[in-house]
Amino acid sequence: MRLKLLLLLAFASLLSACLSAPQSAALVRQADPDSLEPVVLDSLAFFSQSAFQCGPAALATMLLYSGVRVSPDDLVPLVYVPARKGSFQFEMVAATRSYERLAYQLAPTLKAVLEEVDAGQPVLVLQNLGLSWYPRWHFAVVKGFDLGRQRIILNSGTFENYEMSLSTFELTWARAQYWAMLSLEPGAMPVSAEPEAYYLALAALEETQPQANIAGGYRSGLRAWPTDQNLLMGYANLLYLQGDFAKAETMFRSVIAYHSGFAPAWNNLAQILLENGDTAQARTAVLQAIELGGAFSATYRETLSKIVASEQ
Amino acid sequence: MTKILRTPAAYSIIASMLFVSVQAPAMADVVGTKELTMQAQLQIQRNDVRDLIAREDVRAGLLGYGVNPADIDKRIDNLTTSELLQIQNQLGALPAGADGVLGVVLTLILIFVLLDVLGATDVFPRI
Numbered sequence: 000m001r002l003k004l005l006l007l008l009a010f011a012s013l014l015s016a017c018l019s020a021p022q023s024a025a026l027v028r029q030a031d032p033d034s035l036e037p038v039v040l041d042s043l044a045f046f047s048q049s050a051f052q053c054g055p056a057a058l059a060t061m062l063l064y065s066g067v068r069v070s071p072d073d074l075v076p077l078v079y080v081p082a083r084k085g086s087f088q089f090e091m092v093a094a095t096r097s098y099e100r101l102a103y104q105l106a107p108t109l110k111a112v113l114e115e116v117d118a119g120q121p122v123l124v125l126q127n128l129g130l131s132w133y134p135r136w137h138f139a140v141v142k143g144f145d146l147g148r149q150r151i152i153l154n155s156g157t158f159e160n161y162e163m164s165l166s167t168f169e170l171t172w173a174r175a176q177y178w179a180m181l182s183l184e185p186g187a188m189p190v191s192a193e194p195e196a197y198y199l200a201l202a203a204l205e206e207t208q209p210q211a212n213i214a215g216g217y218r219s220g221l222r223a224w225p226t227d228q229n230l231l232m233g234y235a236n237l238l239y240l241q242g243d244f245a246k247a248e249t250m251f252r253s254v255i256a257y258h259s260g261f262a263p264a265w266n267n268l269a270q271i272l273l274e275n276g277d278t279a280q281a282r283t284a285v286l287q288a289i290e291l292g293g294a295f296s297a298t299y300r301e302t303l304s305k306i307v308a309s310e311q
Numbered sequence: 000m001t002k003i004l005r006t007p008a009a010y011s012i013i014a015s016m017l018f019v020s021v022q023a024p025a026m027a028d029v030v031g032t033k034e035l036t037m038q039a040q041l042q043i044q045r046n047d048v049r050d051l052i053a054r055e056d057v058r059a060g061l062l063g064y065g066v067n068p069a070d071i072d073k074r075i076d077n078l079t080t081s082e083l084l085q086i087q088n089q090l091g092a093l094p095a096g097a098d099g100v101l102g103v104v105l106t107l108i109l110i111f112v113l114l115d116v117l118g119a120t121d122v123f124p125r126i
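Just so you know, the protein sequences line up as chains H and C, in that order. Residue 247 in numbering that gives the first Met the number 0 sits at position 248 of the first sequence, and the numbers go up by one each step. Residue 17 in numbering that gives the first Met the number 0 sits at position 18 of the second sequence, and the numbers go up by one each step.
What the hints contain is simulated information worked out from the structure, not anything from laboratory work. Quick caveat: nothing in here was measured; it's all calculated off a predicted structure. Glycine included, each C-beta is placed from N, C-alpha and C at the ideal position. Honestly, I wouldn't trust all of these hints.
[As the list claims (entries may be wrong)] Which residues of chain C face chain H? A partial, calculated answer using Cβ under 7 Å: (1) ASP28; (2) VAL30; (3) THR36; (4) GLN38; (5) ARG49.
[Stated by the list, open to error] With a straight-line Cα cutoff of 25 Å, these simulated DMTMM-like cross-link-like pairs (lysine to aspartate or glutamate) come out: (6) C:LYS33 / H:ASP243; (7) H:LYS246 / H:GLU159; (8) H:LYS305 / H:ASP277; (9) H:LYS305 / H:GLU248; (10) C:LYS33 / H:GLU195; (11) C:LYS33 / H:ASP145; (12) H:LYS110 / C:ASP47; (13) H:LYS110 / H:GLU206; (14) H:LYS110 / H:GLU36; (15) C:LYS33 / H:GLU159; (16) C:LYS33 / H:GLU184; (17) C:LYS33 / H:ASP31; (18) H:LYS84 / H:ASP73; (19) H:LYS305 / C:ASP47; (20) C:LYS33 / C:ASP47; (21) H:LYS110 / H:GLU248; (22) H:LYS305 / H:GLU290; (23) H:LYS84 / H:ASP117; (24) H:LYS110 / C:ASP50; (25) C:LYS33 / H:GLU193; (26) H:LYS84 / H:GLU159; (27) C:LYS33 / H:GLU114; (28) C:LYS33 / H:ASP227; (29) C:LYS33 / H:ASP73; (30) H:LYS110 / H:ASP73; (31) H:LYS246 / C:ASP50; (32) H:LYS305 / H:ASP227; (33) H:LYS110 / H:ASP243; (34) C:LYS33 / H:GLU90; (35) H:LYS246 / C:GLU34; (36) C:LYS33 / H:GLU36; (37) H:LYS305 / C:GLU34.
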């Protein structure tokens with residue numbers, strides 16, 4: 000009996016040796032001792048989950064906070080898979096978009112999560128509460144933290160204001176590949192936002208819900224990153240689609256001003272110039288695109304042949 | 000019905016419908032955001048697969064199959080989006096140092112309790 004206990008303890012110490020939560024440790028170490036006030040988003044709604052439906056409950060919490068009137072029951076047909084007793088991440092993202100909200104995927108750092116909460120933005124997280132080889136997937140919403148006590152606060156399952164230690168949270172979150180998402184009204188800018196992730200979220204919303212406030216999303220993005228190639232180009236294309244040729248032309252020209260080697264911008268500028276009847280300038284622009292080449296070369300040659308045809 | 004179709008108003012409606020359908024293909028001449036995003040995502044996926052392949056264990060595995068790591072970059076560039084996704088899924092499922100099989104349910108529960116105490120799992124909430 001004693002031997003068994005000893006063996007167990009030895010096993011336990013072995014296990015604890017391979018458990019580490021480096022991000023939590025770094026955050027606690029670097030925390031400013033003068034600003035350790037706990038942060039809690041009191042106005043966040045709470046929906047107690049029914050059965051295995053943590054996905055709908057957590058997502059409803061997020062959507063409601065971003066101004067969508069929705070209940071977990073409304074979301075069950077969108078995100079719940081009865082046979083799996085759970086929800087898939089990509090469906091959580093798609094459902095968020097279906098309510099015209101930007102589904103922004105957060106960088107895989109605890110720092111980003113806490114920064115967002117500190118700025119008043121709850122964060123949807125996926126956790127694996129079990130082990131990598133015996134998973135127990137769970138969606139929850141981070142609504143607060145207390146660095147002084149090394150705790151994180153979540154609305155999770157049937158528990159409102161569920162506290163767990165920061166390092167335990169990190170371990171359970173790491174086993175879900177640090178998956179975290181925000182639900183935002185288009186035009187809102189996450190404090191931890193990175194240009195590529197922001198653009199991908201916006202472009203996905205534009206593709207599935209073009210009637211949403213996509214233009215507002217581009218304008219916010221360009222305020223944060225005025226020279227970003229993807230955002231400049233996306234906004235220029237949107238203006239073109241909306242028929243605002245004058246503004247679109249200016250915007251394509253600013254893509255080129257910052258990124259002269261980006262062939263699609265030369266081609267799209269050529270297209271607008273052609274539609275405005277300025278074939279000489281259109282030809283110069285499209286020749287640039289053709290010289291630069293790349294994945295869309297066939298389109299550039301098509302534009303050129305249209306320009307040639309209109310000159311005759 | 001045929002009478003209505005012959006009225007000038009009907010003609011103009013039909014004409015506007017034709018106009019819309021003629022105008023639509025013109026959009027194909029700009030490189031759209033959707034195409035550009037797909038291109039950008041392809042690049043991200045290529046980089047992800049490159050990162051995975053840079054992992055020591057994956058590199059060793061490929062060498063075991065007789066693949067020259069110097070050729071891998073070139074091979075990645077030739078893959079399509081769906082092929083990249085397949086690779087990502089398979090590489091992502093590589094066990095990261097999982098040890099042997101511990102099948103007995105009782106052992107599992109015991110371990111969960113232990114890990115809960117150690118703060119590794121959160122199967123048994125303390126509320």
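Hints versus structure:
1. The restraint placing ASP28 (chain C) at the interface with chain H holds, with a minimum CB-CB distance near 5 Å, inside the 7 Å limit.
2. Hint status for VAL30 (chain C): holds, given a least beta-carbon distance of 4 Å to chain H, under 7 Å.
3. With its C-beta approaching chain H no nearer than about 4 Å, THR36 (chain C) sits inside the 7 Å limit, and its interface hint holds.
4. Hint on GLN38 (chain C) holds. Least Cβ distance to chain H is approximately 6 Å, under the 7 Å limit.
5. Violation of the interface hint for ARG49 (chain C) is found here, the shortest Cβ-Cβ separation to chain H being roughly 16 Å, above the 7 Å cut-off.
6. Using a Cα cut-off of 25 Å, the hinted pair LYS33 (chain C) and ASP243 (chain H) holds, with the two alpha carbons roughly 19 Å apart.
7. Between the alpha carbons of LYS246 (chain H) and GLU159 (chain H) the distance comes to roughly 49 Å, so the proposed pair goes past 25 Å and is violated.
8. Simply put, LYS305 (chain H) and ASP277 (chain H) have alpha-carbon atoms about 13 Å apart, close enough for the 25 Å limit, and the pair holds.
9. Pair hint LYS305 (chain H) plus GLU248 (chain H) holds up; C-alpha atoms about 19 Å apart against a cutoff of 25 Å.
10. About 15 Å separates the Cα atoms of LYS33 (chain C) and GLU195 (chain H), which keeps this hinted pair within 25 Å; it holds.
11. Our distance criterion of 25 Å between C-alpha atoms is broken by LYS33 (chain C) and ASP145 (chain H), whose separation comes to about 42 Å.
12. Proximity of LYS110 (chain H) to ASP47 (chain C) is assessed by CA-CA distance (about 22 Å); at most 25 Å being required, the pair is judged to hold.
13. Restraint check for LYS110 (chain H) and GLU206 (chain H): the C-alpha separation of about 30 Å exceeds 25 Å, so the hint is violated.
14. The hinted pair formed by LYS110 (chain H) and GLU36 (chain H) meets the criterion: a straight-line CA distance of about 16 Å does not exceed 25 Å.
15. At roughly 40 Å between alpha-carbon atoms, LYS33 (chain C) and GLU159 (chain H) are farther apart than 25 Å, so this suggested pair is violated.
16. As the CA atoms of LYS33 (chain C) and GLU184 (chain H) are separated by approximately 21 Å, the hinted pair is consistent with the 25 Å bound.
17. The suggested pairing of LYS33 (chain C) with ASP31 (chain H) is violated, with an alpha-carbon distance near 44 Å, which exceeds 25 Å.
18. Using a Cα cut-off of 25 Å, the hinted pair LYS84 (chain H) and ASP73 (chain H) holds, with the two alpha carbons roughly 17 Å apart.
19. For the given pair, LYS305 (chain H) sits about 39 Å from ASP47 (chain C) by alpha-carbon distance, which is inconsistent with the 25 Å threshold.
20. Of the pairs offered as hints, the one joining LYS33 (chain C) and ASP47 (chain C) holds, with about 21 Å between alpha carbons and a cut-off of 25 Å not exceeded.
21. The straight-line distance between the Cα atoms of LYS110 (chain H) and GLU248 (chain H) is roughly 40 Å, outside the 25 Å bound, and the hint therefore fails.
22. Under the criterion of a C-alpha separation no larger than 25 Å, the hint pairing LYS305 (chain H) with GLU290 (chain H) is consistent with the structure, at around 17 Å.
23. Between the alpha carbons of LYS84 (chain H) and ASP117 (chain H) the distance comes to roughly 33 Å, so the proposed pair goes past 25 Å and is violated.
24. A distance of roughly 23 Å separates the Cα atoms of LYS110 (chain H) and ASP50 (chain C); the hinted pair therefore holds under the 25 Å criterion.
25. For a cut-off of 25 Å, the pair hint linking LYS33 (chain C) to GLU193 (chain H) stands: about 20 Å separates their Cα positions.
26. With a C-alpha separation of about 22 Å, the suggested pair LYS84 (chain H) and GLU159 (chain H) falls inside the 25 Å cut-off, and the hint holds.
27. A distance of roughly 31 Å separates the Cα atoms of LYS33 (chain C) and GLU114 (chain H); the hinted pair therefore is violated under the 25 Å criterion.
28. Distance hint between LYS33 (chain C) and ASP227 (chain H) is fulfilled; the C-alpha atoms sit about 17 Å from each other, no more than 25 Å.
29. With a C-alpha separation of about 29 Å, the suggested pair LYS33 (chain C) and ASP73 (chain H) falls outside the 25 Å cut-off, and the hint is violated.
30. A hinted pair counts as satisfied when its Cα atoms are at most 25 Å apart, and LYS110 (chain H) with ASP73 (chain H) does not qualify at roughly 32 Å.
31. Of the pairs offered as hints, the one joining LYS246 (chain H) and ASP50 (chain C) is violated, with about 40 Å between alpha carbons and a cut-off of 25 Å exceeded.
32. For the proposed pair LYS305 (chain H) and ASP227 (chain H), the alpha carbon gap of about 30 Å is over 25 Å, so the pair is violated.
33. Taken as a hint, the LYS110 (chain H) and ASP243 (chain H) pair is broken in the structure, with Cα atoms around 41 Å apart against an allowance of 25 Å.
34. Taking the CA atoms of LYS33 (chain C) and GLU90 (chain H), the gap is about 20 Å. The hint holds against a cut of 25 Å.
35. Pair hint LYS246 (chain H) plus GLU34 (chain C) holds up; C-alpha atoms about 22 Å apart against a cutoff of 25 Å.
36. Straight-line distance between C-alpha atoms of LYS33 (chain C) and GLU36 (chain H) comes to about 44 Å, which puts the hinted pair past the 25 Å bound.
37. Restraint check for LYS305 (chain H) and GLU34 (chain C): the C-alpha separation of about 21 Å stays at or below 25 Å, so the hint holds.
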